[in-house]
Each structure stands twice: as C-alpha cells, then as structure tokens.
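Number of protein chains: 2
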Amino acid sequence: MRILVLGGDGYLGWPTALHLSRRGNAVAIADNFVRRQYDAELGVDSLVPISHMRRRIDLWEEVSGMRIDLFVGDLTDAEFVERCLREFRPEAIVHFAEQRSAPYSMIDRRHAVYTQVNNVVGTLNLLYAIAAIDPAIHLVKLGTMGEYGTPNIDIEEGFIEITHRGRTDVLPYPKQPGSFYHLSKVHDSHNIMFACKIWGLRSTDLNQGIVYGQETDETVLHPGLATRFDYDGVFGTVLNRFCVQAVAGLPLTVYGKGGQTRGMLDIRDTLACIELAVQNPPAEGEYRVFNQFTESYSVRQLAELVSDTYPGRVEIADSFENPRVEQEDHYYRAAHTKLLDLGLVPHLLSSATISSILALAERHRDRIDPNVIGTGVDWRRPKTVESPVNAVGRPPSGSSESRGRGAEIDSVNR
Amino acid sequence: MRILVLGGDGYLGWPTALHLSRRGNAVAIADNFVRRQYDAELGVDSLVPISHMRRRIDLWEEVSGMRIDLFVGDLTDAEFVERCLREFRPEAIVHFAEQRSAPYSMIDRRHAVYTQVNNVVGTLNLLYAIAAIDPAIHLVKLGTMGEYGTPNIDIEEGFIEITHRGRTDVLPYPKQPGSFYHLSKVHDSHNIMFACKIWGLRSTDLNQGIVYGQETDETVLHPGLATRFDYDGVFGTVLNRFCVQAVAGLPLTVYGKGGQTRGMLDIRDTLACIELAVQNPPAEGEYRVFNQFTESYSVRQLAELVSDTYPGRVEIADSFENPRVEQEDHYYRAAHTKLLDLGLVPHLLSSATISSILALAERHRDRIDPNVIGTGVDWRRPKTVESPVNAVGRPPSGSSESRGRGAEIDSVNR
Numbered sequence: 004m005r006i007l008v009l010g011g012d013g014y015l016g017w018p019t020a021l022h023l024s025r026r027g028n029a030v031a032i033a034d035n036f037v038r039r040q041y042d043a044e045l046g047v048d049s050l051v052p053i054s055h056m057r058r059r060i061d062l063w064e065e066v067s068g069m070r071i072d073l074f075v076g077d078l079t080d081a082e083f084v085e086r087c088l089r090e091f092r093p094e095a096i097v098h099f100a101e102q103r104s105a106p107y108s109m110i111d112r113r114h115a116v117y118t119q120v121n122n123v124v125g126t127l128n129l130l131y132a133i134a135a136i137d138p139a140i141h142l143v144k145l146g147t148m149g150e151y152g153t154p155n156i157d158i159e160e161g162f163i164e165i166t167h168r169g170r171t172d173v174l175p176y177p178k179q180p181g182s183f184y185h186l187s188k189v190h191d192s193h194n195i196m197f198a199c200k201i202w203g204l205r206s207t208d209l210n211q212g213i214v215y216g217q218e219t220d221e222t223v224l225h226p227g228l229a230t231r232f233d234y235d236g237v238f239g240t241v242l243n244r245f246c247v248q249a250v251a252g253l254p255l256t257v258y259g260k261g262g263q264t265r266g267m268l269d270i271r272d273t274l275a276c277i278e279l280a281v282q283n284p285p286a287e288g289e290y291r292v293f294n295q296f297t298e299s300y301s302v303r304q305l306a307e308l309v310s311d312t313y314p315g316r317v318e319i320a321d322s323f324e325n326p327r328v329e330q331e332d333h334y335y336r337a338a339h340t341k342l343l344d345l346g347l348v349p350h351l352l353s354s355a356t357i358s359s360i361l362a363l364a365e366r367h368r369d370r371i372d373p374n375v376i377g378t379g380v381d382w383r384r385p386k387t388v389e390s391p392v393n394a395v396g397r398p399p400s401g402s403s404e405s406r407g408r409g410a411e412i413d414s415v416n417r
Numbered sequence: 004m005r006i007l008v009l010g011g012d013g014y015l016g017w018p019t020a021l022h023l024s025r026r027g028n029a030v031a032i033a034d035n036f037v038r039r040q041y042d043a044e045l046g047v048d049s050l051v052p053i054s055h056m057r058r059r060i061d062l063w064e065e066v067s068g069m070r071i072d073l074f075v076g077d078l079t080d081a082e083f084v085e086r087c088l089r090e091f092r093p094e095a096i097v098h099f100a101e102q103r104s105a106p107y108s109m110i111d112r113r114h115a116v117y118t119q120v121n122n123v124v125g126t127l128n129l130l131y132a133i134a135a136i137d138p139a140i141h142l143v144k145l146g147t148m149g150e151y152g153t154p155n156i157d158i159e160e161g162f163i164e165i166t167h168r169g170r171t172d173v174l175p176y177p178k179q180p181g182s183f184y185h186l187s188k189v190h191d192s193h194n195i196m197f198a199c200k201i202w203g204l205r206s207t208d209l210n211q212g213i214v215y216g217q218e219t220d221e222t223v224l225h226p227g228l229a230t231r232f233d234y235d236g237v238f239g240t241v242l243n244r245f246c247v248q249a250v251a252g253l254p255l256t257v258y259g260k261g262g263q264t265r266g267m268l269d270i271r272d273t274l275a276c277i278e279l280a281v282q283n284p285p286a287e288g289e290y291r292v293f294n295q296f297t298e299s300y301s302v303r304q305l306a307e308l309v310s311d312t313y314p315g316r317v318e319i320a321d322s323f324e325n326p327r328v329e330q331e332d333h334y335y336r337a338a339h340t341k342l343l344d345l346g347l348v349p350h351l352l353s354s355a356t357i358s359s360i361l362a363l364a365e366r367h368r369d370r371i372d373p374n375v376i377g378t379g380v381d382w383r384r385p386k387t388v389e390s391p392v393n394a395v396g397r398p399p400s401g402s403s404e405s406r407g408r409g410a411e412i413d414s415v416n417r
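Protein sequence lines, in the order shown, are assigned to chains A and B.
Numbered per the working numbering, the first sequence spans residues 4 to 417.
Numbered per the working numbering, the second sequence spans residues 4 to 417.
Keep in mind that the hints were calculated from the coordinates and are not lab data.
Be a bit skeptical, because a hint or two may be false.
It does not matter which identical chain is meant; a pair holds if it fits inside one copy or across any two.
[Unchecked claim] No more than 20 Å apart at the CA atoms, straight line, and that leaves these computed lysine to any residue pairs for SDA-like:
| no. | residue 1 | residue 2 |
| --- | --- | --- |
| 1 | Lys200 | Asp111 |
| 2 | Lys386 | Thr356 |
| 3 | Lys200 | Asp332 |
| 4 | Lys200 | Ser310 |
| 5 | Lys260 | Glu307 |
| 6 | Lys200 | Glu329 |
| 7 | Lys260 | Leu73 |
| 8 | Lys200 | Pro285 |
| 9 | Lys386 | Asp137 |
Build the full structure now, drawing on both the sequences and the hints.
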C-alpha cells in the first residue's frame, strides 16, 4: 500500500514510517522539522541522539533496501499539502503532524493560538486536499484519550448511545479536554467527522493514550535509526520522565495526589495499532474512533513501578502542587476493544519494559540535563505576553525557584 | 454597567448596542467592519441602507443624549483586544464579532480556514485578555442552536445528564454541527468552557436560533439608526429571505423536503435575551448555556406563513436540490426555559411581524437584486482553489445556471 506519514520526523512518526516500510508498503514522510525547532526554543534535546532525516532515510535504505520518500513543508501551506498528495498518490495517510504537548500549548497566549491554528488549519487543509484529489484515501488521524477528560461514567470509543426522555440516539461522546492542545484535537475530531459526512471521506481517529518506550523492531537495527526520547517538562511524557528522574537521582515528581489515571501503551503497540487501522479501512463516509491504549495506570502507580524496578534508591516526591487543573482522584474506565478485535496483541507494561527504559536512560545519562525536567508552565497563570525563554522548561538562573521548580513538575501529556 | 459590544456594526450587534445604551449602560463598540468588506467581496448590499458607524454614533447621541465609544480593530490582533479592555474597563462583554454565515464558510478552503481561524483566535485572544486584565468580566458569547445539529433526542441547554452502565454524570451536550462555521462555534464553546474552568472566568454562551425582523424600539427612532437586513444567498437568513422573495415575485425557495426544523426568534427578543444575560451574570468559574430562541418552525411552515400573509400571489418552489448536507425530515425538540425563567416575554411570530418585514421589503424593493438571492455554495463540492467572485452569490452572467440557481437556493444560516 502507498502510505504517507505526516510528521514522520517525530517520536512516533519516524518509527511508524520504518515499521510500515519494513512491512512492504511504499512510504513517504512529510515534515517541516518544527519539532526540532521547539528543542531550540526550549533549550532541550532528545535524550537519545537522533540523526537528520536525510541521513536516517539513507541509512534505512542501506539496512532494509527500502526507500522512503521525503516531502519537506508545512501542512498549514495548502499548496504543499496538495503537492504531497498529487505527487505521492497515497492510499492511506497517517497524520502525526500536530503540536502534541499540552504544557507547550499552555505556555502563553501565543503558544495556545499557535497550537490551535497549526493543528486545526493543517488538518482542514488535509481534508480539503483529500476531498479534492482522492476521497478514497483513508485518513488515520492521531487523536488523544485526553479528548474525553475524566467523566464519571465509562468512556466509549468515540460515540455513546444515549436514552433521554424516552428516545434513543447514538451521539458523539461528550468531550472535556484539559488543555488548549487537547482542545485542538477535539476541534479536529469535529471537523473530520463533518468532512466524512459531507464529502464521503473515510477516517480513523486514534484516541491514543500515553506512549512509553523508545525502541522498536526497526529502530534497533542501527543506532542512526533511533527515534527521539523526550524527558523535559514540556515534551516528556510521564513514564519516560520517571525513568530519567530515577537514573538522575531526582525525585519522581507526582502531581498532587497522583490519582490521575490514564490509558497507556508501549511504543511498539502504537505501530501495531496504526498498521491494523491501515489494513482495515472504514467504509466510504465512515468516521470511526478507536481508543488506542492497552492498560490504565495512575501516575502514583507508575512512580511506584519505576521505584520498585530501579535497582538504586528512588524517592517519590510527594504533595507537589499540581500545575494543571485536573481531578487528582477520579473514576476512570475506558473502552478499548476495537483494536483488540482487529487482532492487536498488546505488549503489557512489565518490569522488563521499565528496565529497558531505565537502561536507555543509563546509557545516555551524560546527556541528562536536570534543569529541563521541570516546567514553568502553570495552567492557572494566563500569560498574554511573551515568556522569556528561560522561564520555560528552565528556571531563571539564580532565581529562588531554580531548584524548587525543577522537582515540582511532572507531565502527563496525553 | 459598562458593556463592550464586539461586532457592534453587525445586524444584531448595532441594535444591541443601542438597546443597552438606552437602558442607561455605558456602551462601547469594537468592530473591524469586515462585514461591510464581505458585501464588497460578494457584490451584495443590505436591503436597508445603513450609515457609517461614526455617523450612526453621532446620530444616536443627538437622539438619545447617550454617547457610544468606538474601538476600530480586529480581535485576531491580541494587542487591540487588550487595549479595548484596558481603556474601556468593561464589566460585561457581548461578543458578536465572528464570521456568522454557514454558506460563507463553505465557499471554499480559504473561506473555511478564514472562518475557523477568525472566530477561534478572536475568542482565544479575548479569553486571555479577560483572564489577564479582569477575570470578573462577564463574557456573553453568541453561539448558535446549529451547534447541536438534529439529534434524535431532546436538545438540552448545553449539558445533559447521562446514565450509562449504572453510573451518572452531567456532561457537555454532544455536538453535530453542519458547516465549518457552525463547527467554529463548537470549537469556541469548548475553549470557553475550559477557560472558565482553569481561570475562573464567567461566561454565558447564547445558543441562538435564527433571527428575523429588522426594527427595534431604538432603530426606529431615526432612519439613520437602521441596522442591516441581508437577503442574499450567503448572509440572508430564512424568514427575511422568504419575505424579500415574496415581494420580488420570486418563488420562495425551500430546500428539498423543507422539513428542516429550527429554533427562531424575533430580533427584539435577541436584545431582551442579551440584556437578561448581562443583568444576571453567572458565578465565578461558571460556564452556562442558554438556548436563545422562542419557537420552532420547519422551513416549509415558514414559507407557508409568508405565502398566507402576503397579499399578492406567492409561489413556493418545490423539490429543489438541497445544497446542504442535512436531514430534511427529523425529530426536533429543544429546551429553552432558562431565559424564560429570567423573565423573557417573547414576541411570538405573528402575521403582524411577517407583514412588517414584508412592508420593509416593499419600501426598499428598488434595492432588491434578484441575482444575489441564490448562492453557488454547495456543501458537497470541496473547492480547494479560489472561486471566481461571480460564482458566489451571483451566477456567471450568461451561464445556463444564471436563472436556475437564483431560485434554487435558500438559506438557514443559524
């Protein structure tokens, strides 16, 4: 199959492109490399060194004999989007190309507006291009479990049957997202559902949980094929961050009570889920939602798992003020059967998995910058003016906050 | 009270500003006059001549002794938004300042993207400015009943209690909007709900039905105080358009079966509802939704009411292909008790009301351009390139469509 991976330079986009390529698909990547620009903006780096895209692609050809095509450009540029589709003629598009950090979207007004415009306009341009060029293309869109928030009833996969005053309908599941980033994904979901309805497009919206791990069957074939691994306060996700904190001898930072429960999955399962979605396209006009995670854990449970697995002493930091506005103790039960029905065999979270992430952090411990693990991003503080760069991800040097905030913050991005 | 009316140059913004001013409030208007730019773009005009804003404001001072302040600028310009709030120091903000036409948003990709960026970014900037400058400001935001779509269960006011697998929660009412414009309002609703939650803002989201009529107690005080009246295929709304078609001797254009049922209200009730919302602000952190309409009618019923009222012969055009993708025969029952509970006494739709709109159209019949009543906007045709100007609202002269399309189209904007 011909598959276009949008955002193919990112944490999950790159290993997804490799995985689909190795399975014999013709793969092209589109990316504007803005994820690397965020690194420069925030003064952070992937824990694992990553190669430039052109080198990665050449290396992959050497290793696998498969060539991946590359389009460099921005989805908010409609002409670029149309050119990718006309030149590559994909049968499926896997769409990772969005700003994906909740804390980044909450830095200040400019970052909130950037996140929503970037994500919503990119996806709108894509929908128009698909509709105009080839409505049969299957759009596999990365959403997030965070679109649902934490309702006091079971979360279903995208839609819920509601009986109300004696009548019944199946309606879109109500959304209560917790950041301007999560909101951008909710906006996308509504736009995509509408485009499927009016233009007969077909789309799978993958409401993904928090991904952990870094190595896949393909990336381990050569160090130059590694994907990025973020542990900073803005882009790092919870389990990956806890492992780096353990190795760095820093307390594992749990927000508030730590009862925040989220769906989680292994990076290898992300790849398997996307492949299953691509292999089993929806019908013409169908908009379907899969909840893409395999297990649920609370933040405190994850901290304890890391603490139990790490051979050294690990402190679990307690009673830090939660910079987010979220429930810290709540009901959480979310359906996730549709991908299992398609044949997903999950990699469940084990000590072995955690050990492998810890080993990764050990291998690159000289690259750990303890100052970037904290984040200055506070949900309650509406900043309308530019934040000085050193206020994001790195406290101002010499400030009284400079030790405190580093330990204060954790991140549950998805 | 000090009240800032955003979009105070529009069909409803201007009479709202007058009404609130006459009731003794200190009123300021902000507008970028883009509504008049749309007229130039589409080659259409208000049926009723309208004055420039500065002349209207001077005239209002002569008539009433009350001065309305004016800020000229764009809500997507964050500095402008902050300046309005810092200089005027409003206690309430009534926010009409969005692109409000469904057909306009469906013209092509550029108009879809413009509508969503304009509406979403303007409102985001406003939320940040309120949070930073004065979180006590009450944001009264114009939404639309079209956010709900036409579910097969009763529509409630913003939220619905759902019992599911033995557990119960009150959740945001599921949204199924029918155009990129309606989607932009759904995006706004989610963003505003979140801002209230994290920053403690207070907001009333008025999900308004389709407004009819043009004269209010204030605008009738002088011809120079008239508000605009749109009958074209892009900005005209259904009942106003039917009245102009009747006077022009054109068939009343009903889409498809005409069973599309919508909430409606008199322009004078819009003003009363906004005043009630402003006088009864929500609590700190509260996001509430009022369904702002007084009666429901199907499009066919409205056509028949106009036909029955007009003294001359009126043809109701039948079996035109619906350019929209929407149900033409559906269940529709929507709650609208919250504004009644606050004391709203509705002006229900009567022959007298329809007669007054017909009389208005008679007075300005020399300004009716039959070519702009149709619209070339088709929901099913995804246009990625610029439409030539004459393809919007006005068929290409000499084309075989030029008589046909004029009669084909109707508009149910809200």
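Okay, the hints, checked on the actual structure:
With identical chains, the CA atoms of lysine 200 and aspartate 111 are at most 20 Å apart between copies only, with a shortest distance of 17 Å across copies and 35 Å within one. When the C-alpha separation of lysine 386 and threonine 356 is checked against a cutoff of 20 Å, the pair qualifies neither within a copy, at 39 Å, nor between copies, at 48 Å. Taking the shortest alpha-carbon separations for lysine 200 and aspartate 332, only the inter-copy value of 17 Å comes in at or below 20 Å, while the best intra-copy value is 38 Å. Taking CA atoms no more than 20 Å apart as the test, lysine 200 paired with serine 310 passes in neither setting, with 48 Å inside one copy and 34 Å between copies.
Only within a single protomer do lysine 260 and glutamate 307 lie at most 20 Å apart by alpha-carbon distance; the minimum there is 13 Å, versus 62 Å between protomers. In this assembly of identical chains, lysine 200 and glutamate 329 lie within 20 Å of each other by CA distance solely across copies; the values are 10 Å between and 33 Å within a copy. Proximity of lysine 260 and leucine 73 under a CA criterion of 20 Å is satisfied in neither setting, with 45 Å inside one chain copy and 49 Å between copies. For the identical chains of this complex, lysine 200 and proline 285 are intra-copy neighbours only, at 13 Å inside a copy versus 36 Å across copies, given an alpha-carbon limit of 20 Å.
In this assembly of identical chains, lysine 386 and aspartate 137 lie within 20 Å of each other by CA distance solely across copies; the values are 13 Å between and 42 Å within a copy.
When each numbered hint is compared with the structure, violations occur for hints 2, 4, 7.
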